[in-house]
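Read off the chains here:
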Amino acid sequence: MTAQVELDPVIHAQARLKVTTALATLPSGDRLSFPRLQQLLEMTAGNLSTHLRKLEDAGYVAVTKTHQGRTPATYVELTPSGRRAFDDYVAALRQLLTTLPEEAP
Amino acid sequence: MTEKPMTQDDDARPLAAADRLALIEEQHARVASALDVDERLLYSVWGLAWLIGFAGLYATAGSDPLIDLPHEGAVGALLALLVAAAVLTAVHIARATRGLRGVSSVTGAMYGWTWMLAFAALPVLIASAERLGVSDEALDMLWTTLPGLLVGVLYMVGGALWQDRFQFGLGVWILASTSLGSLAGLPGVYLVLSLAGGGGMLAAAAWFAVRRRRGAAR
Chain A
1 MTAQVELDPV
11 IHAQARLKVT
21 TALATLPSGD
31 RLSFPRLQQL
41 LEMTAGNLST
51 HLRKLEDAGY
61 VAVTKTHQGR
71 TPATYVELTP
81 SGRRAFDDYV
91 AALRQLLTTL
101 PEEAP
Chain B
1 MTEKPMTQDD
11 DARPLAAADR
21 LALIEEQHAR
31 VASALDVDER
41 LLYSVWGLAW
51 LIGFAGLYAT
61 AGSDPLIDLP
71 HEGAVGALLA
81 LLVAAAVLTA
91 VHIARATRGL
101 RGVSSVTGAM
111 YGWTWMLAFA
121 ALPVLIASAE
131 RLGVSDEALD
141 MLWTTLPGLL
151 VGVLYMVGGA
161 LWQDRFQFGL
171 GVWILASTSL
181 GSLAGLPGVY
191 LVLSLAGGGG
201 MLAAAAWFAV
211 RRRRGAAR
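Line by line, the protein sequences are chains A and B. So in my numbering, spot 44 of the first sequence is number 44, and the numbers just go up one at a time. So in my numbering, spot 170 of the second sequence is number 170, and the numbers just go up one at a time.
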C-alpha cells in the first residue's frame, strides 16, 4: 500500500478548495471584496458565507468588515497559515500522484 | 438505501488527486485572468495612439506638408487619441482590480496618481515657458518631448515597482527615442515618436501576446 498522505479536510471539500485557490491567487497582503469573490466563484452568497466561516474557524481566512461611505463592505483574505495550508495541500496532491502508480483499467 | 440530501455544492463527490490539481489550476487561471491587467490591450491602445497621432503631426507640419490638412486638426486628433487611450486604461484597470484591496492596490493607486498629477503639471510648466516669450517652435518641441520624458520615466518606475524588466526596458526605449528624436528637430521628432515610440509600444503588445500564448500552451 502507499504511504498515508494527509489531505487537509478543511480545504478538501471542493467548494472550499475553490475558495482557497481563488484567495491564494491574490498576492500576499491583498484582500478581495465579498461580492467580487462571489462573482469569480459563481457561488450564492449564503453558500460562500458558510464555507468562509469554516475556513475562518480554521484560521485560514481573515474576514474584514468595513464601511465605504455608508455601505458596509466585507473583504476576505487568506491568512499566512491559510496560504501555508494551501501550499501543503497542493504538495500533498502532487505527492499522491507521484507515489500512486497509474490505476489499472 | 437512504437517499442523500441534495446539497448546493458537490462536496460529496470524491475527486481523484489529478482532477483536484486540474481544478486548482483551472480556478487559479480563471481568477488570475479576471484580476489581471492586460498589457496587450494597454500597449496596443497607446501604441496606436502614438503611431497615428504623431504621424498626423508629421504629415501636416511645415510650409510644404505631406498632407494638405490643417496642422491644428492633427494636434486635436493626437490629443483625442491620447485622452481616449487614458480613459480606456483607467476603465480597464478599474474593472480588473474591482474589489481588490491591500498592498498591491495601494501601490497601484499611488502609481496611477503619479501619472495623473505629472500630466496635470505638464501644461502648467509649458504655459510658464510660453509666458517668458518662447517661440512657437520651441513650444511645439516642449509639448512633444516632455510627455515622452514622463512616459519613459514612468514606465521605468513601473518596471521597478513590479520587478518587470520588460516594462523598464520599454521606458528606456521611449526615453532614448524622445531625447535622441528631439535632436532631429521639428518635424523629424514627430516621425521618431510615431515609429519608434508608437512602434515600440506595439512591439511590446506583440511580445506580451506571444508570451501569454506560450504560457497558456505550457
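No lab work stands behind these hints, which were simulated from the structure alone. Some clues are possibly wrong.
[What the hints assert, rightly or not] Not everything, but these chain B residues come out facing chain A in the computed CB check (under 10 angstroms): (1) L15; (2) A18; (3) R20; (4) R30; (5) V31.
All C-beta atoms in this analysis are idealised placements derived from N, C-alpha and C, irrespective of residue type, glycine included.
Against the structure, the hints:
no.	hint	in the structure
1	L15	holds (7 angstroms)
2	A18	holds (6 angstroms)
3	R20	holds (6 angstroms)
4	R30	holds (7 angstroms)
5	V31	holds (4 angstroms)
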